[in-house]
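Student: Sequence:
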Amino acid sequence: MSNRYEEPPAITPIKSTVTARQGMSGAAAPEESVTLTQENPVPDKQERPATVLQEKSREAGDIVPAYTKKRLIPDDYQPVIPVKIELNTADSAELVKLYGIGPYYAVNIIKYREKLGGFAVPEQLLEVTGIDRERLEGFYDRVFADTSFIVRMDLKTATEDQLAQHLYIGRYLARCIVRYRETAVLDSCTLEHLVRDKILESDQARKIGWYLY
Numbered sequence: 004m005s006n007r008y009e010e011p012p013a014i015t016p017i018k019s020t021v022t023a024r025q026g027m028s029g030a031a032a033p034e035e036s037v038t039l040t041q042e043n044p045v046p047d048k049q050e051r052p053a054t055v056l057q058e059k060s061r062e063a064g065d066i067v068p069a070y071t072k073k074r075l076i077p078d079d080y081q082p083v084i085p086v087k088i089e090l091n092t093a094d095s096a097e098l099v100k101l102y103g104i105g106p107y108y109a110v111n112i113i114k115y116r117e118k119l120g121g122f123a124v125p126e127q128l129l130e131v132t133g134i135d136r137e138r139l140e141g142f143y144d145r146v147f148a149d150t151s152f153i154v155r156m157d158l159k160t161a162t163e164d165q166l167a168q169h170l171y172i173g174r175y176l177a178r179c180i181v182r183y184r185e186t187a188v189l190d191s192c193t194l195e196h197l198v199r200d201k202i203l204e205s206d207q208a209r210k211i212g213w214y215l216y
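Under our numbering, the very last position in the sequence shown is 216; numbers go up by exactly one each time.
Calculated directly from the structure, the hints in this document are not laboratory data.
Because the structure is a prediction, the values reported are computed rather than measured.
Treat the hints with care, as some may be off.
[To be verified] Pairs of lysine-lysine residues, derived as DSBU-like cross-links and limited to a Cα-Cα distance of at most 35 Å, are as follows:
1. Lys210 <-> Lys159
2. Lys114 <-> Lys210
3. Lys201 <-> Lys118
4. Lys114 <-> Lys201
5. Lys201 <-> Lys159
6. Lys159 <-> Lys118
7. Lys210 <-> Lys100
8. Lys114 <-> Lys100
9. Lys87 <-> Lys100
10. Lys87 <-> Lys118
11. Lys159 <-> Lys114
12. Lys118 <-> Lys100
13. Lys210 <-> Lys87
14. Lys118 <-> Lys210
15. Lys87 <-> Lys114
[What the hints assert, rightly or not] Label-pair distances were calculated between CB atoms; the ranges are:
16. Val110 <-> Pro85: 18 to 28 Å
17. Thr193 <-> Glu126: 23 to 33 Å
18. Ala96 <-> Arg199: 45 to 55 Å
19. Pro82 <-> Gln165: 25 to 35 Å
20. Asp164 <-> Lys210: 15 to 25 Å
Each residue gets a CB set at the ideal place from its N, CA and C atoms; glycine is no exception.
The task is simple: from the sequences and hints, build the whole structure.
Tutor: Here you go:
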C-alpha cells in the first residue's frame, strides 16, 4: 500500500431539483422545478419582498421605509360635511334622512311642530310620539332649531281661546292668565310677574316664554 498523500477531489455546489406535483388538497398540480444550491438555499422564484424593496430603496438613496403604502386618498379630497337640518322648516323628505327617522316619525314631527308653533330646541323632539332619547341621540348633532320661525302670541292681548290652544298652556292656565291680566296693571303682566304671583311655575314660564312676547 502506498503512503503517498493525495489531494481530495474538489467539492462542487450541490444542486437538487425539487418538483412540485401535488397541491395542498392532494390533487395533481402542474410541474414546477426550482434549483437549490449552497450559494442560494432559497428557491429562485421565491424572493423575499422586504429584501427586494430595501435593496431598491438603498440604490435610490431613499430614506423612506421599505414598505410604503400607496396613497389611496387624492390630494384634492374634500371631506363631505353633513348639512344640518332646521327643524322648523324641514319637510318629511329632509327629516327621513336623519338616523332612525322614517316616514312615520317624520309625519309625527311635522304634526307636533304645527300644534306647538315651532321648536325652540332639539330636545323638544322627545315630546313627539315614538321618539325617545336613544333615537334622538342618533341624529342630535345633525339638527338645530331657528327660533325666528316660532309662532308667538302677545301675552297682553291674546284671548283665552288662543292661549288655551297652545300645548304648553291649556284651558285652565289660559283662564288664570286672562284673569290675572284683567286685575293687574297692563305693563305688569309679564312672565316674571306671573311667576312671582304664583300663576306659573318657573319651568312653565321658561317653556311658555318661547311662544309669548
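Student: State for each hint whether it applies.
Tutor: Cross-check of the supplied hints:
For the suggested pair Lys210 and Lys159, the alpha carbons sit about 17 Å apart, so the restraint of at most 35 Å is met. For the hint linking Lys114 to Lys210, the alpha-carbon distance of about 19 Å falls within 35 Å, and the restraint holds. The straight-line distance between the Cα atoms of Lys201 and Lys118 is roughly 27 Å, inside the 35 Å bound, and the hint therefore holds. Distance check on the hinted pair: Lys114 and Lys201 sit about 32 Å apart at the alpha-carbon level, within 35 Å; holds.
The hinted pair formed by Lys201 and Lys159 meets the criterion: a straight-line CA distance of about 18 Å does not exceed 35 Å. Pair hint Lys159 plus Lys118 holds up; C-alpha atoms about 21 Å apart against a cutoff of 35 Å. For a cut-off of 35 Å, the pair hint linking Lys210 to Lys100 stands: about 28 Å separates their Cα positions. For a cut-off of 35 Å, the pair hint linking Lys114 to Lys100 stands: about 18 Å separates their Cα positions.
For a cut-off of 35 Å, the pair hint linking Lys87 to Lys100 stands: about 11 Å separates their Cα positions. Among the hinted pairs, Lys87 with Lys118 is consistent with the structure: their alpha-carbon atoms are about 23 Å apart, no more than 35 Å. For a cut-off of 35 Å, the pair hint linking Lys159 to Lys114 stands: about 28 Å separates their Cα positions. Between Lys118 and Lys100, the direct Cα distance comes to roughly 23 Å. Compliance with the 35 Å bound is thereby established for this hinted pair.
Only pairs whose Cα atoms come within 35 Å are accepted, and Lys210 paired with Lys87 is accepted, the gap being roughly 24 Å. The suggested pairing of Lys118 with Lys210 holds, with an alpha-carbon distance near 15 Å, which does not exceed 35 Å. At most 35 Å may separate the alpha-carbon atoms for a hinted pair to count; Lys87 and Lys114 meet this at roughly 21 Å. Checked against the given bound of 18 to 28 Å, the beta carbons of Val110 and Pro85, roughly 23 Å apart, stay inside it.
At roughly 25 Å, the beta carbons of Thr193 and Glu126 sit within the given window of 23 to 33 Å. Against the hinted window of 45 to 55 Å, the Cβ-Cβ separation of Ala96 and Arg199 comes to about 46 Å, which satisfies the hint. For Pro82 and Gln165, the Cβ-Cβ distance of about 48 Å falls outside the hinted range of 25 to 35 Å, so the restraint is violated. For Asp164 and Lys210, the hinted distance range of 15 to 25 Å is satisfied, since their beta carbons lie about 20 Å from each other.
Checked against the numbered hints above, the structure violates only hint 19.
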